[in-house]
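Here's the letter readout for the chains.
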Amino acid sequence: MKRDRDRGKAAAAAASGKPNMWPEPQPDAGMDELFAVLGYKVKSSDMADVAEKLEQLEMAMGTTADDGVSVLADDTVHYNPSDLSGWVDNMLTELTGESSTPNFAGEDDLRAIAGGAIFDTTESDNGCKRMKAAEADVRSEFGENSSAVQQPRAVVVDSQETGVRLVHTLMACAEAVQQENMKLADALVKHVGLLAVSQIGAMRKVATYFAEALARRIYKIYPEEPLDSSLSDILQMHFYETGPYLKFAHFTANQAILEAFAGANRVHVIDFSLRQGMQWPALMQALALRPGGPPAFRLTGIGPPQPDNSDALQQVGWKLAQLAETIGVEFEFRGFVTNSLADLDAEMLEIRAGDEEETVAVNSVFELHQLLARPGAVEKVLDSIKAMRPKIVTVVEQEANHNGGAFLDRFNESLHYYSTMFDSLESDGGGGQDLMMTEVYLGRQICNVVACDGAERVERHETLEQWRARMGSAGFDPVQLGSNAFKQASMLLALFSSGEGYMVEERDGCLMLGWHTRPLIATSAWRIAAAEG
Amino acid sequence: MDMDMDMDMDTKKKCTRFFINDNMDVLIEILKRLDEKSIGVAACVCRLWCALTRNDALWEHLCFRQLSPPREGVRTVVAALGGYRRLYTLCVKPVLTRLGKRKDMWTTHEVDLSLSLFCVDYYERLFLAGAATPPSSLIFLCKAG
Numbered sequence: 001m002k003r004d005r006d007r008g009k010a011a012a013a014a015a016s017g018k019p020n021m022w023p024e025p026q027p028d029a030g031m032d033e034l035f036a037v038l039g040y041k042v043k044s045s046d047m048a049d050v051a052e053k054l055e056q057l058e059m060a061m062g063t064t065a066d067d068g069v070s071v072l073a074d075d076t077v078h079y080n081p082s083d084l085s086g087w088v089d090n091m092l093t094e095l096t097g098e099s100s101t102p103n104f105a106g107e108d109d110l111r112a113i114a115g116g117a118i119f120d121t122t123e124s125d126n127g128c129k130r131m132k133a134a135e136a137d138v139r140s141e142f143g144e145n146s147s148a149v150q151q152p153r154a155v156v157v158d159s160q161e162t163g164v165r166l167v168h169t170l171m172a173c174a175e176a177v178q179q180e181n182m183k184l185a186d187a188l189v190k191h192v193g194l195l196a197v198s199q200i201g202a203m204r205k206v207a208t209y210f211a212e213a214l215a216r217r218i219y220k221i222y223p224e225e226p227l228d229s230s231l232s233d234i235l236q237m238h239f240y241e242t243g244p245y246l247k248f249a250h251f252t253a254n255q256a257i258l259e260a261f262a263g264a265n266r267v268h269v270i271d272f273s274l275r276q277g278m279q280w281p282a283l284m285q286a287l288a289l290r291p292g293g294p295p296a297f298r299l300t301g302i303g304p305p306q307p308d309n310s311d312a313l314q315q316v317g318w319k320l321a322q323l324a325e326t327i328g329v330e331f332e333f334r335g336f337v338t339n340s341l342a343d344l345d346a347e348m349l350e351i352r353a354g355d356e357e358e359t360v361a362v363n364s365v366f367e368l369h370q371l372l373a374r375p376g377a378v379e380k381v382l383d384s385i386k387a388m389r390p391k392i393v394t395v396v397e398q399e400a401n402h403n404g405g406a407f408l409d410r411f412n413e414s415l416h417y418y419s420t421m422f423d424s425l426e427s428d429g430g431g432g433q434d435l436m437m438t439e440v441y442l443g444r445q446i447c448n449v450v451a452c453d454g455a456e457r458v459e460r461h462e463t464l465e466q467w468r469a470r471m472g473s474a475g476f477d478p479v480q481l482g483s484n485a486f487k488q489a490s491m492l493l494a495l496f497s498s499g500e501g502y503m504v505e506e507r508d509g510c511l512m513l514g515w516h517t518r519p520l521i522a523t524s525a526w527r528i529a530a531a532e533g
Numbered sequence: 001m002d003m004d005m006d007m008d009m010d011t012k013k014k015c016t017r018f019f020i021n022d023n024m025d026v027l028i029e030i031l032k033r034l035d036e037k038s039i040g041v042a043a044c045v046c047r048l049w050c051a052l053t054r055n056d057a058l059w060e061h062l063c064f065r066q067l068s069p070p071r072e073g074v075r076t077v078v079a080a081l082g083g084y085r086r087l088y089t090l091c092v093k094p095v096l097t098r099l100g101k102r103k104d105m106w107t108t109h110e111v112d113l114s115l116s117l118f119c120v121d122y123y124e125r126l127f128l129a130g131a132a133t134p135p136s137s138l139i140f141l142c143k144a145g
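Listed in order, the protein sequences are those of chains A and B.
Counting in our numbering, the first sequence runs from 1 upward without gaps.
Counting in our numbering, the second sequence runs from 1 upward without gaps.
Next comes chain A alone, as it looks inside the complex (with noise of 0.2 Å):
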């Protein structure tokens, strides 16, 4: 019994190709059992049999792909999963059998398939044999009938394939899209709809959103005005609201800039994004109750022109004075209204100095990556920043190269961002609403990396690394995020229901939160380099 019931994992294990969590074995209750659990039909009388197919099969996939990568190992069509005795004899007929190219009407577009965007290389010859691999792949979705191939099965069942089959097909529709091949890239955009409604959650929000922003740069109809910056702000709460990361953002900025502030009677921080304010009432709280009492506390926020002319600004400084009386901190407030942060220079911010000396911080989430849009814009602001004299300079962005110079490049990171972003917010449960617009908040950011070009592309999202050599050679030396820092970042993701997903990392001083082993965002701190006069 036992021995059968491993050869049954191994061989099922064989036929999808990658190491899957199983569910509980169900009690012995006869062979059949644990296959149809699975959803395969096998007797028990052909186990051995379908075993024995099953590792000569394994050892034709190994010698179908030349380039190392055991393709269909990755990537096994079912053609009718249920009778994995049938399938098995189906796919080694198939792979040790003939080598003519079947016939498509009117379909020829589809073998231009390359090999490169499904198996996951950066490879582009289409090799004969990866050919029909992908060939095989695409007549099980069109269930086309060929003369050299003899099942006529039905299409995928089996929504794990599914999406397995989904993530390729985006892939090639995103390579199609970079070879201005708009007529595959059409037909495959189309297909990834059909593929997306089969699956549940994250996998389906993400499929959709990045076949729609496809869709957008295929046809060329690009979003139109940015939103509305107050229902961006709106969006941006409830982004707040779920999941750990903008809280994190905050947290570990507001412990930089108060370490920063250790011993100053009059400070000072320049928000460059002040949207909703949320960041500042812990720093103020926590300056309320510092050792020797709170300094006077003046804030500057930055933000862009709302639609209606009304002073968001002016609403957001209003309620975080009402907040600094009832704890006590002596406050005050100024906002800027700029379409962009290159426009500002630091005269305009009236920094003071003599009696009335304060400490300067500048703080910047997510805001520095939409200057990559212009040329010479980032390097402006970090000039304006020199000037502004600040002790210390917080940096929280986005970990991720959705800048790179090849769509492609960009399609493939950004699917696999947003994708782990995605997943790390459905496990959180629900939160309802706010999850839903997080996820519109998301999909705009989606919708802005892929279908958008030139100036309008402004999630330029760059890695730490990156921003780390941007900051020193403008003259930035990195200010190390303490340990203070590093606890209270544990602390508040061990809050989240699912605390065992996300982690915090600290990497030569800087802290990124990430979910399971992928960093997803990175604060930094910053100081204006020592050696100069």
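Any given hint might turn out to be false.
[As the list claims (entries may be wrong)] Listed next, with one range per pair, are the computed distances between beta-carbon atoms:
{"hint": "1", "chain 1": "B", "residue 1": "T108", "chain 2": "A", "residue 2": "Y222", "range": "30 to 36 Å"}
{"hint": "2", "chain 1": "B", "residue 1": "T108", "chain 2": "A", "residue 2": "R507", "range": "21 to 27 Å"}
{"hint": "3", "chain 1": "A", "residue 1": "D355", "chain 2": "B", "residue 2": "V26", "range": "39 to 45 Å"}
{"hint": "4", "chain 1": "B", "residue 1": "A51", "chain 2": "A", "residue 2": "G263", "range": "42 to 48 Å"}
[Unchecked claim] Subject to a maximum C-alpha distance of 20 Å in a straight line, what follows is the list of computed SDA-like cross-link-like pairs (lysine to any residue):
{"hint": "5", "chain 1": "A", "residue 1": "K487", "chain 2": "B", "residue 2": "W106"}
{"hint": "6", "chain 1": "A", "residue 1": "K487", "chain 2": "B", "residue 2": "G82"}
{"hint": "7", "chain 1": "A", "residue 1": "K220", "chain 2": "A", "residue 2": "L493"}
{"hint": "8", "chain 1": "A", "residue 1": "K319", "chain 2": "B", "residue 2": "G100"}
{"hint": "9", "chain 1": "A", "residue 1": "K380", "chain 2": "A", "residue 2": "P304"}
{"hint": "10", "chain 1": "A", "residue 1": "K43", "chain 2": "B", "residue 2": "K93"}
{"hint": "11", "chain 1": "B", "residue 1": "K93", "chain 2": "A", "residue 2": "L493"}
The set of hints was computed from the structure by calculation and includes no laboratory data.
Note that CB positions come from ideal geometry on N, CA and C, so glycine has one too.
On the provided structure of chain A, position chain B as indicated by the hints.
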């Protein structure tokens, strides 16, 4: 903790000259040492006890008893932001529960975090005062772990 109250009852029966409700400072000292659940039970005893359990000093002790001395200014700030009872219910208790800590293992880090979250909550209530949806940035603390 229930033993304290049993003892009081016994004492009352045995010795009619001493009635705990006449000695509120003693009563408060006793109630201060209770845990949250017991305070809830105590609140059901009589109106006086109910009123006493709403005394913020009790909850302050509950929040920070292991950290002495309490930091200067904390009381004013907490009172302004809504009081220790609210702080405990909203932040301290979930933080402790989620982090699986007993109160005697509490450090200033947990205190700081709780206070920060408390302040964020206050700001949200201030900000969204009058809005249809209540502030939800602390909802993650309420979700079942």
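Which hint numbers does the structure go against, in order from smallest to largest? 1, 3, 6, 7, 8, 10
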